Amino acid sequence: MKNVKVLGSGCANCANTLKLIEAVALAKGADIHLEKVEDMKQIMMLGVLTTPGVIIDGKLVHAGGVPARAKVESWF
Amino acid sequence: MSTATGIAVTRRAPWAWLVLGLAGWIAAYASLTPFADMVVAALGLARETRLGEALHFFVYDTPKVMLLLTGIVFAMGVIHTFVSPERTRALLSGRRLGVGNVMAATLGIVTPFCSCSAVPLFIGFLAAGVPLGVTFSFLIAAPMVNEVALALLFGLFGWQVAALYLGLGLVVAIVAGLVIGRLGMERHLEGWVRDMQATQPAEFEAPAIGWAERIDAGAAHVKQIVGKVWPYILLGIAVGAGIHGYVPEDFMASIMGRDAPWWSLPAAVLIGVPMYSNAAGIIPVVEALLGKGAALGTVLAFMMSVIALSLPEMIILRKVLKPPLIAAFAGIVAAGILLVGVIFNATL
Numbered sequence: 001m002k003n004v005k006v007l008g009s010g011c012a013n014c015a016n017t018l019k020l021i022e023a024v025a026l027a028k029g030a031d032i033h034l035e036k037v038e039d040m041k042q043i044m045m046l047g048v049l050t051t052p053g054v055i056i057d058g059k060l061v062h063a064g065g066v067p068a069r070a071k072v073e074s075w076f
Numbered sequence: 001m002s003t004a005t006g007i008a009v010t011r012r013a014p015w016a017w018l019v020l021g022l023a024g025w026i027a028a029y030a031s032l033t034p035f036a037d038m039v040v041a042a043l044g045l046a047r048e049t050r051l052g053e054a055l056h057f058f059v060y061d062t063p064k065v066m067l068l069l070t071g072i073v074f075a076m077g078v079i080h081t082f083v084s085p086e087r088t089r090a091l092l093s094g095r096r097l098g099v100g101n102v103m104a105a106t107l108g109i110v111t112p113f114c115s116c117s118a119v120p121l122f123i124g125f126l127a128a129g130v131p132l133g134v135t136f137s138f139l140i141a142a143p144m145v146n147e148v149a150l151a152l153l154f155g156l157f158g159w160q161v162a163a164l165y166l167g168l169g170l171v172v173a174i175v176a177g178l179v180i181g182r183l184g185m186e187r188h189l190e191g192w193v194r195d196m197q198a199t200q201p202a203e204f205e206a207p208a209i210g211w212a213e214r215i216d217a218g219a220a221h222v223k224q225i226v227g228k229v230w231p232y233i234l235l236g237i238a239v240g241a242g243i244h245g246y247v248p249e250d251f252m253a254s255i256m257g258r259d260a261p262w263w264s265l266p267a268a269v270l271i272g273v274p275m276y277s278n279a280a281g282i283i284p285v286v287e288a289l290l291g292k293g294a295a296l297g298t299v300l301a302f303m304m305s306v307i308a309l310s311l312p313e314m315i316i317l318r319k320v321l322k323p324p325l326i327a328a329f330a331g332i333v334a335a336g337i338l339l340v341g342v343i344f345n346a347t348l
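For the protein sequence lines, the chains are A and B, in the order given. So the first sequence is residues 1 to 76, counted in our numbering. So the second sequence is residues 1 to 348, counted in our numbering.
There's no promise every hint is true.
Covered stretches of chain A (in silico footprint by chain B; criterion: 3 or more residues with CB under 8 Å from a CB of chain B, positions within the stretch not fixed) [as the list claims (entries may be wrong)]:
{"no.": "1", "stretch": "20-34"}
{"no.": "2", "stretch": "69-76"}
Chain B stretches covered by chain A per the calculated footprint, using a threshold of three residues with CB under 8 Å from any CB of chain A [what the hints assert, rightly or not]:
{"no.": "3", "stretch": "73-79"}
{"no.": "4", "stretch": "84-94"}
In silico DSS-like pairs for lysine-lysine, Cα to Cα no more than 30 Å straight-line [unchecked claim]:
{"no.": "5", "chain 1": "B", "residue 1": "K319", "chain 2": "A", "residue 2": "K5"}
{"no.": "6", "chain 1": "A", "residue 1": "K5", "chain 2": "B", "residue 2": "K223"}
{"no.": "7", "chain 1": "A", "residue 1": "K36", "chain 2": "B", "residue 2": "K322"}
{"no.": "8", "chain 1": "A", "residue 1": "K19", "chain 2": "B", "residue 2": "K319"}
{"no.": "9", "chain 1": "A", "residue 1": "K19", "chain 2": "A", "residue 2": "K5"}
{"no.": "10", "chain 1": "A", "residue 1": "K41", "chain 2": "B", "residue 2": "K319"}
{"no.": "11", "chain 1": "B", "residue 1": "K322", "chain 2": "A", "residue 2": "K71"}
{"no.": "12", "chain 1": "B", "residue 1": "K228", "chain 2": "A", "residue 2": "K19"}
{"no.": "13", "chain 1": "B", "residue 1": "K322", "chain 2": "A", "residue 2": "K19"}
{"no.": "14", "chain 1": "B", "residue 1": "K223", "chain 2": "A", "residue 2": "K41"}
Hints were generated in silico from the structure; no laboratory data involved. Since we're looking at a predicted model, the values are computed, not measured. Cβ coordinates follow ideal geometry from the N, Cα and C atoms, glycine included.
Pulled out of the complex, with its shape left as it was, chain B reads as follows:
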């Protein structure tokens, strides 16, 4: 069914459409294993063979990850209709460090946010009296802890890994924002940004919307996000399937495994800083590294540093921040990520 008819249907009966979709989703999720068994058997392959095992992995994981991604992205699209950046800003305005950082990092996950809006949001928050450290907690959490990363980690490595990534991402954003706030770096904002703190934001009245529109928004979010990331996911799972069937398990163990030299983790974070990719693009790499015996902490730290810190982002932020503040931002976030990696590798 095309999306156009889907939207037409929701306009008439949003709840019926939602229940139908949910029932279909559950039915599909429940038949993942039989479906994969069937495909492998239909091709006349045995699961005991390498090709059979790789293929089973692929036809099981692809629909599973796509289902999880669709479900989570849809839910996030609906949540977005409740939380606008304007509302988040009003909630954070005048908050103190501490409570403000926790709220900012949490709201960073659910506030609709496009990376091209990073600078106007940053200035808009400061202008409305949101403290610098609190603003940074928001800006760090928003790209790092996103629904695509969570859905993919959930689908490929289990909910425990997704929950750990969520929790540790929040911790890094909160602590980094707290440290930046304590350093009192307001003087390292560009002059025109400081002047801006006195201006009044434009009145923008969001139109009242009902559930039909909220469900439409969820569907539109799925179309936009899943439509963009599916090739990366296919690639990631194909890489994973190949590793599953063919590559020896401990291929990466000596460089990035738990018994790797001490510099392995800092090197992974450092390499990740200038790299730029979204969550979907990095997943094939993550899958490949883990499959070859790399340690989970090292791999997650690498993933966080690729998504949360990037050269293009620094260049955009340079318009509003002076170099010492950019350096502090990158240094503190990288240190936080490093700590996460150390804790992960030590405890798991």
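Next up, chain A with everything else stripped away, as it sits in the complex:
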């Protein structure tokens, strides 16, 4: 199971990123634990400079803007 964190202060792009990851994981039948991190202090602790950021199993894979669908598909 993959642990996926979406980091963002709750802007529209962050919500869209979350929805996209959910949809792709469902379509590919990937087993993920999706988590939303909205607390600014925590986001900074994780070292993200631009939101939304995506962390999978502790590794930052994307930052700044909604990722392309193909990019999300490559994660699962």
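With the hints as your guide, set chain B onto chain A.
Relative to the frame of chain A, chain B by itself:
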């Protein structure tokens, strides 16, 4: 042609697609006046009539502004692929006040930046050793001097006005950052932000990309930005066209014109501070004010204060800044904008 096929084409031959697009763009730009003349004539209107003049203005300016906007936004989308926030931060880390402020304000124009990232960027910059004053220069320039504002000013009022806005926006960002840096206001950061300055940023390796992807990024930027702002532009030009044909030129002259009372300019800046709009949303208002005889300096100062300072932004920044620093930030930027307005009105 749909964007989907456009992207498929660029994957195969990015340069051919770019040259084709550029040729089409130039051809379209060159035929703006004949096109407008043709439309007005086809409707059986004479340009001498009020309706004819208003319509000619609309069918000439709309494609012109859209072309300029598309071109500039595309170029900016390609430039964005060269400058990531991570790279900008590395460039600014440890810079001194002065050179650092000039670099920060300039990089603020070309670094891809979404307003919802303002706080993480702010803290991330400080954490990496970018001085507070330099960080502020970046944060002030980034929203104020943006490609949409420049493209619209260029299209509607000429390149001189766009260049002036660019230059003065940079000056305000640089000077405001310098002043904030000199005031030594680091103690007015929230405690947890100061502690954060010791943390290490996460490693984030941007994947290597080629020209096909860069051109794709330009096209995607056009789709995103132009797709969002076109209704405001149509509205702005329609307002402009209406004024062009119908409203007397000196309607606003007594309140916001060059001979208006002294308080006219400060009032315009003050009214603009709590207002929040992006560059596209404010353009119809700018067009209306200018068309009715308001002075250019007063109008540009109003536009800058609406875009650069806003209540929602202050509320977000409150999470990381204590009130005295927020007040200093708003006060110094507003004063800078005011000065720009005064200089503009006095020299033009």
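### Message
With the threshold set at 30 Å, check whether the alpha-carbon distance from K322 of chain B to K19 of chain A stays at or below it.
### Response
violated, 35 Å
#### Entry: Restraint check for K228 of chain B with K19 of chain A, where alpha carbons must lie at most 30 Å apart
holds, 21 Å
#### Entry: Agreement of K322 of chain B and K71 of chain A with the hint, judged by alpha carbon distance not exceeding 30 Å
With a Cα-Cα distance of about 39 Å, the restraint between K322 of chain B and K71 of chain A is violated, given a limit of 30 Å.
### Query
CA of K41 of chain A to CA of K319 of chain B, is that 30 Å or under?
holds, 10 Å
### Message
Please verify the coverage claim for the stretch 73-79 of chain B: does it have three or more residues whose C-beta sits within 8 Å of some C-beta in chain A?
### Response
violated (count 0)
### Query
Quick one, are K5 of chain A and K223 of chain B close enough, alpha carbons at most 30 Å?
holds, 28 Å
### Task
For the pair we were handed, K36 of chain A and K322 of chain B, check the Cα-Cα distance against 30 Å.
holds, 27 Å
#### Entry: Given hint K319 of chain B paired with K19 of chain A - CA-CA distance at most 30 Å
holds, 27 Å
### Hinted pair K319 of chain B and K5 of chain A, Cα distance within 30 Å
Judged against 30 Å, a Cα distance of about 22 Å means the pair holds.
### Message
Count the residues of the stretch 20-34 of chain A whose Cβ falls closer than 8 Å to any Cβ of chain B, and tell me whether that reaches three.
### Response
violated (count 0)
### Message
Holds or violated: K19 of chain A and K5 of chain A, Cα atoms, limit 30 Å.
### Response
Between K19 of chain A and K5 of chain A the Cα gap is close to 12 Å, so the pair holds against 30 Å.
### Task
Would you mind confirming whether the straight-line C-alpha gap from K223 of chain B to K41 of chain A stays at or under 30 Å?
It is violated: about 33 Å lies between the C-alpha atoms, which goes past 30 Å.
Going through the hint list in order, the structure does not satisfy hints 1, 2, 3, 11, 13, 14.
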